[in-house]
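Peer 1: Sequence:
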Amino acid sequence: MSITMLVDVDDSSRSELKSLLPKIESFIFQQSPRLKIMTHFVNQLNNVAQSNRWQQPVYSDTFTGPNHSPIWTSTVHISEVQNGQGSGPNRGAARENAARQALQVAGLPVQ
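According to the UniProt record's numbering, the sequence shown holds residues 1 to 111 in order.
Read the hints as simulated data drawn from the structure, not as lab findings.
Every residue, glycine too, gets a C-beta built ideally from N, C-alpha and C.
Treat the hints with caution; some may be incorrect.
[Stated by the list, open to error] What follows is a list of derived Cβ distance ranges for each label pair:
| # | residue 1 | residue 2 | range |
| --- | --- | --- | --- |
| 1 | 79 | 15 | 38 to 44 Å |
| 2 | 104 | 18 | 24 to 30 Å |
| 3 | 64 | 14 | 20 to 26 Å |
| 4 | 108 | 19 | 31 to 37 Å |
| 5 | 43 | 67 | 27 to 33 Å |
| 6 | 110 | 79 | 16 to 22 Å |
| 7 | 53 | 91 | 26 to 32 Å |
| 8 | 64 | 104 | 22 to 28 Å |
[What the hints assert, rightly or not] Taking lysine to aspartate or glutamate pairs in the DMTMM-like style, the calculated list, with each CA pair at most 25 Å apart, reads:
| # | residue 1 | residue 2 |
| --- | --- | --- |
| 9 | 23 | 61 |
| 10 | 23 | 11 |
| 11 | 23 | 10 |
Construct the complete structure from the given sequences, taking the supplied hints into account.
Peer 2: And the structure:
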């Protein structure tokens, strides 16, 4: 999930607002759990892998930025092939985004 900026501002203000977006997203996810949209793409991907007799997805996670406001990046591999990559304010959100991309790459419907 990401926040889209729909504000009419000059270029310097736009740049400053863009730099604040990760902090705003992190705040929303960390401080307002009821606003999270639970999509369960990780579970969907696991189910697809199992039903097709693929190897189970393997995630590798890294983060950048300060400890109080990290940006997590997760990469999902199936049979040692990278199928998706995603980022988010926490490890779970990054994995959900990576799994969502992997489902899209596989040509499966994603809501």
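Peer 1: Each of the hints needs a verdict: does it hold here or not?
Peer 2: Status of each hint after checking the structure:
no. : hint                 : result
1   : 79 x 15: 38 to 44 Å  : 42 Å, holds
2   : 104 x 18: 24 to 30 Å : 25 Å, holds
3   : 64 x 14: 20 to 26 Å  : 23 Å, holds
4   : 108 x 19: 31 to 37 Å : 35 Å, holds
5   : 43 x 67: 27 to 33 Å  : 29 Å, holds
6   : 110 x 79: 16 to 22 Å : 21 Å, holds
7   : 53 x 91: 26 to 32 Å  : 28 Å, holds
8   : 64 x 104: 22 to 28 Å : 24 Å, holds
9   : 23 x 61              : 20 Å, holds
10  : 23 x 11              : 20 Å, holds
11  : 23 x 10              : 21 Å, holds
In this structure, none of the earlier numbered hints is contradicted; all agree with it.
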